[in-house]
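Engineer: The lines below spell out each chain.
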Amino acid sequence: MSTQPSTAVAAQNFQSSVEAALHPSVRGRFTKILVLGATSGIAEATCRIWAAEGASLFLVARNAEKLAAVAADLRTRGARHVDTAVADLDDTDGHTELLAHAINTLGGMDVAYLAHGILGDQAKAEQDFNQAAQIIHTNLMAPVSLLTWLANYCVQQHAGVLAVISSVAGDRGRKSNYAYGASKAGLSAFLGGLRNRVDREGVTVLTIKPGPVRTAMTGQMKGSERFADVNAVAKSIVKAIDGHQDNLYVPFQWQPIMFIIRNIPERIFKKLNL
Amino acid sequence: MAQVASSEAEISDTPRFESWGRYPTFEGKILPLHWQSDYPRVLEGVHNGALPVGMGRSYGDVCLLKGGNLLLTTGMNRLLDFDPATGLLTAEAGVTLAQILDFAVPRGFFLPVTPGTKYVTLGGAIANDIHGKNHHIAGTFGSHVTQFGLVRSDGTSMLCSPTENSDYYAATIGGLGLTGVIPWAQVRLRPIVSRKIDYRGIQFHGVDEFLDLTRQSQHIEYTVSWVDCASTGKNFARGVFMEGDHSKVPDELKPSPEPKLVFPFDAPGFALNHLTVSMFNTVFFHKQMKREVRALQDYEPFFYPLDKVLHWNRMYGKRGLLQFQYAIPWEHAREGTIAILREVAKSGLASFLAVLKAFGDVPSPGMMSFPQPGITLALDFPIKPDVSFPLFERLADMTLEFGGRLYPAKDAAMTAAQFQAFYPQWEQFARFRDPLLTSSFWERVTGDRPSL
Chain A
1 MSTQPSTAVA AQNFQSSVEA ALHPSVRGRF TKILVLGATS GIAEATCRIW AAEGASLFLV
61 ARNAEKLAAV AADLRTRGAR HVDTAVADLD DTDGHTELLA HAINTLGGMD VAYLAHGILG
121 DQAKAEQDFN QAAQIIHTNL MAPVSLLTWL ANYCVQQHAG VLAVISSVAG DRGRKSNYAY
181 GASKAGLSAF LGGLRNRVDR EGVTVLTIKP GPVRTAMTGQ MKGSERFADV NAVAKSIVKA
241 IDGHQDNLYV PFQWQPIMFI IRNIPERIFK KLNL
Chain B
1 MAQVASSEAE ISDTPRFESW GRYPTFEGKI LPLHWQSDYP RVLEGVHNGA LPVGMGRSYG
61 DVCLLKGGNL LLTTGMNRLL DFDPATGLLT AEAGVTLAQI LDFAVPRGFF LPVTPGTKYV
121 TLGGAIANDI HGKNHHIAGT FGSHVTQFGL VRSDGTSMLC SPTENSDYYA ATIGGLGLTG
181 VIPWAQVRLR PIVSRKIDYR GIQFHGVDEF LDLTRQSQHI EYTVSWVDCA STGKNFARGV
241 FMEGDHSKVP DELKPSPEPK LVFPFDAPGF ALNHLTVSMF NTVFFHKQMK REVRALQDYE
301 PFFYPLDKVL HWNRMYGKRG LLQFQYAIPW EHAREGTIAI LREVAKSGLA SFLAVLKAFG
361 DVPSPGMMSF PQPGITLALD FPIKPDVSFP LFERLADMTL EFGGRLYPAK DAAMTAAQFQ
421 AFYPQWEQFA RFRDPLLTSS FWERVTGDRP SL
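Keeping their order, the protein sequence lines are chains A and B.
Residue 216 in our numbering is what sits at position 216 of the first sequence, and the numbering runs on without skipping anything.
Residue 418 in our numbering is what sits at position 418 of the second sequence, and the numbering runs on without skipping anything.
In isolation and in its complexed conformation, chain B is listed as follows (with noise of 0.2 Å):
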């Protein structure tokens, strides 16, 4: 009876399990969790490693493992409680935040901090401490689930909180997923009278005019810049400041409707080269056409412009693509972000959806979470084996020496040498791991073996 009459589909093909980037990739064994209950029962027979997943958002290989098995969250979306008193909602993990939202908007409620795409789950929303466009004010997701659970290999279930098994907490916010399944957790949502957002986009040249307009707009809850890296001269480092607050007048709380454009096939090679993203970027700067622009916007295009074209990734063809995103302290953010942004363009290598933002000093609840105070950069670049990888150790190096440190969920290719020394507290963070969980990323940066 467990099993439904509607599984007629007879498939032999072997499941496929992709980062965002789409670089690297492994093949490994999906083992689905529909229910709570099938962890840690799935791992019955299994010695080979595993890693719990969710929509594989992230772009290199912390939601990968070469050779062993991906336990899919996914099914796992029940809504388990929820009270519009305090906005406390407990949720299977598998669920994403686009079906929170569902739920929530039409409540009057809205996610505590949200990424620029609505496609994660909850789990890997706390798996990698994730961050938004109101960091500054909010802090990171973590800092906004009070309580989950988590489940070890060998069975053993906990309840985590800042107060109950507080060290397992805090290593599980931001712990990619490697000290256990998140079978459930807590998060509280706030609440919205409108889906609009007041909308501002300022042009701005350079870094500091971009930190000006960032010190003037302390007070708006979400804050993030589009920054043109392929242009120099005078346009160096041109951008759009990008600020938003929810509208307080009361609209209508509908739901969102299902996206409907799919980015249909792989794009070649050459598609996206110098040319066509200097292009683009002119065109975006120039969208603009004033200094200043004001609108009362939905948020779906505020938060998640690209969710729109669902597998936009394929416009980077089969090779993928790399992210590269660090975090550098105040005390360097200016010089490190100058020096960075102009061996980008130096290089010559495009990269469109160039994002540039100020980290608030909000402390994140995670042993291992990626933000702090200072400035974030995130850049993508399409894969080109002679030119990404030897582009994107400079950077790297660069942010060392800055101070700074590269984000784990959007990571392809940092060293283990450079991970070391990003995360001085790897080593303590590994006492908490699980045994027999791992990822691709985790055997990269530290040489680590299940020890199973």
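Chain A extracted, bound-state conformation (with noise of 0.2 Å):
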């Protein structure tokens, strides 16, 4: 280093503290990331931007063979740490035990992000009732009960990201999905209302509305080009997270047209087929 000219070392020095300034948080701060749900596509191609950038991972997911393979990918990617535990998110009662070890290994947390959740199969919960309680439960019991743990430990450091993975599905509820539909409601409200509450400790809240994504299942599929690719959409995340965003439609397109069907008024939206 010594042997360069000052000014070259100067317009390195200026470059870095530019993309310092840029992106403050994945170089900087936000290396120590809790995924919970990290066997998901979106999850998969998150943490490989994570990983490439030397950030320490700590995965949590139900399927130890498939979070085995996630993990060897990231390490080999990169990561500086990968940790994993297995686990059933639908089992509240864990949660504590389970967020206190993995922030224990971690050596504390920058970002916790929740990407676990089921589709479900709407058809059968309009019959049984026990089907959505379980869509209901796996989408928002389980990341109201983990938020409640994630939030109090980033309000004690003042300082955090909860980026959570909700869906357009939530903006109005469609004969469709509305199941679903309705645990990605109640999901983005807590979401809104947990921002209210800890923006003012330092703690960031990052409600994601992923559109429909491109993935190895969808990739051949006719009309699937107009389809958002699943390593941009991941690429959106980690920008939004970076620039401590509030809300985030991916592709951006989505909030438009979300905005567009919250207010087709009743009278015709119950006659729509969506």
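Heads up, some of the hints might be wrong.
[Claimed, not checked] Cross-link-like lysine-lysine pairs, in silico, DSBU-like; alpha carbons within 35 Å at most:
(1) A:124 to A:175
(2) B:254 to A:235
(3) A:239 to B:308
(4) A:124 to B:66
It is worth saying that the hints were derived from the structure and are not from the lab.
Assembling the complex is the task here: the two chains are given apart, and the hints tell you how they should meet.
Structural biologist: What follows is the structure in structure tokens.
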């Protein structure tokens, strides 16, 4: 370094400070990340970005074999540490112990990323309350339990980002998936209120609302070229976390689309097939 | 919890899987594999045959199965281990070579062998035992695969390497996906210090000049030629001999940018005719103004000039294109190549992207591998029903007469008799085939049916 002309060093310093200003988080503070539902497609794509940047990750998922494959991939891609725990997040009684263990292992926590959830079977939920209750338990009750603990931890630290995957489906109930939509509507409302409470404590709450995402599963389907690429979605999420954003529709086109859908008068909306 | 909240999309359309030549086309049911544990569980209740597939970059029907199930592997794309001391990368087989390069290049590593597109999967590279511009030095892709897993439809799982289950190792390399599903594989990457290629392009006229240049450049890692097959007379078999080595001058190893261009629509059938292709070939030949050009070039345009435009195959329209690639042993390589190029020029059927290369004598580990020492020529033709197929059949017969063979990954038209003459070991290979796995190609060239 010392042999370099000083202007070059200055330019380099300038560039890195610009970068730090643009991305204060990932390369700076946000290096310890807790991921709940780490084997989901969006979570995995997001973690690959963090791994390449050298983050420390604690991954939680239900299936040990899948979790091991994801962890090996993230280690190979350059994550500083990857630790895992197999857990069924439906079991809310185990949350306290799980979260304490995760944060202890990470040695702190800069970001908690909640990406677990189920689509469920809407047709079944229309006939069987247990199915609807399962969807609402997994998508709403479990995150509420996790977020209650995590928010209090972050408030104590006066820092942290809680990034949670909700859905555009929560913006208005539709006949095709209203049980799922109800769980996500509840989650979005909970996150809005939580943000209102903890923002003044230095804690960021990010509500992520993805539209249809192209994955290996949908990649060959007609019209899938119009779906969002899972890696592009992941990039947007990382950027939103870096920027301490409150809400993220991803891809962004879903924001105006959902604005229109929310504002269709009920007497028309109830006749539509959505 | 396994299902993701993001699968918000409600899709009812039938999935569609096309090969790169877009001929033939068959409906097949897609069964995606996201995890190694998905196979063979995904086959529960399946009785009509299945075939593992990746990016669909093979041209004909080796990646198709009419009325069957396509096991789409691209969701299994995790990197499992990398040792920078040895260059050994272990990855799930659905990872693409593009994804491997994105990982490896910034770390100072490159593929040991690469085809003309980086959008193929690791599993597909093994199953077709692909070759590249360095065949004369490095052999086929399979030569650099140190081990892989193989799972049979009955759930049997084995590790295959040159020393362990070596019979299945040999049958699976170049085995067209028929011996089982490869969940993961290990490949030895090679070190580089720069993205750049020291490139040299030299014009030549005729096959003899091509052979002279080939002899002179034995020590150069990458060699390949583009040849004009539309011209006759004094321009017959003119071309550009392209050679290159990885630059030895250390340079920034940044990852490649994402491709931005997409060929937006299916070109009409008449777009590629003798006139337009002749014009293209003349322009391409004279783009290189001098007899010899040297340049320091990024590896992307050197190896993957067409990857810059996604879906470039749409240029050939809805009817698609027919590929033809032979390997003729040295004994008849010169006369065979001249005769076949004459036949193509005489037919007046336009072909551009004609690629000529000498294969070296590094033996392929695969039982059914295509490359053999001699000359290989790859052509592609737009499909014109009354013209393309008769020409193809003549060319295939000529290939046989000259002791050569055709490349299954690029074939949509060879007959069962031709295939069985090209690959007399096919019956021995058939003993390693998984009883539930088959392809439209395999059924066409063997008349075989899945036994379940």
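Engineer: Return the numbers of the hints above that this structure violates; sort them in rising order.
Structural biologist: none
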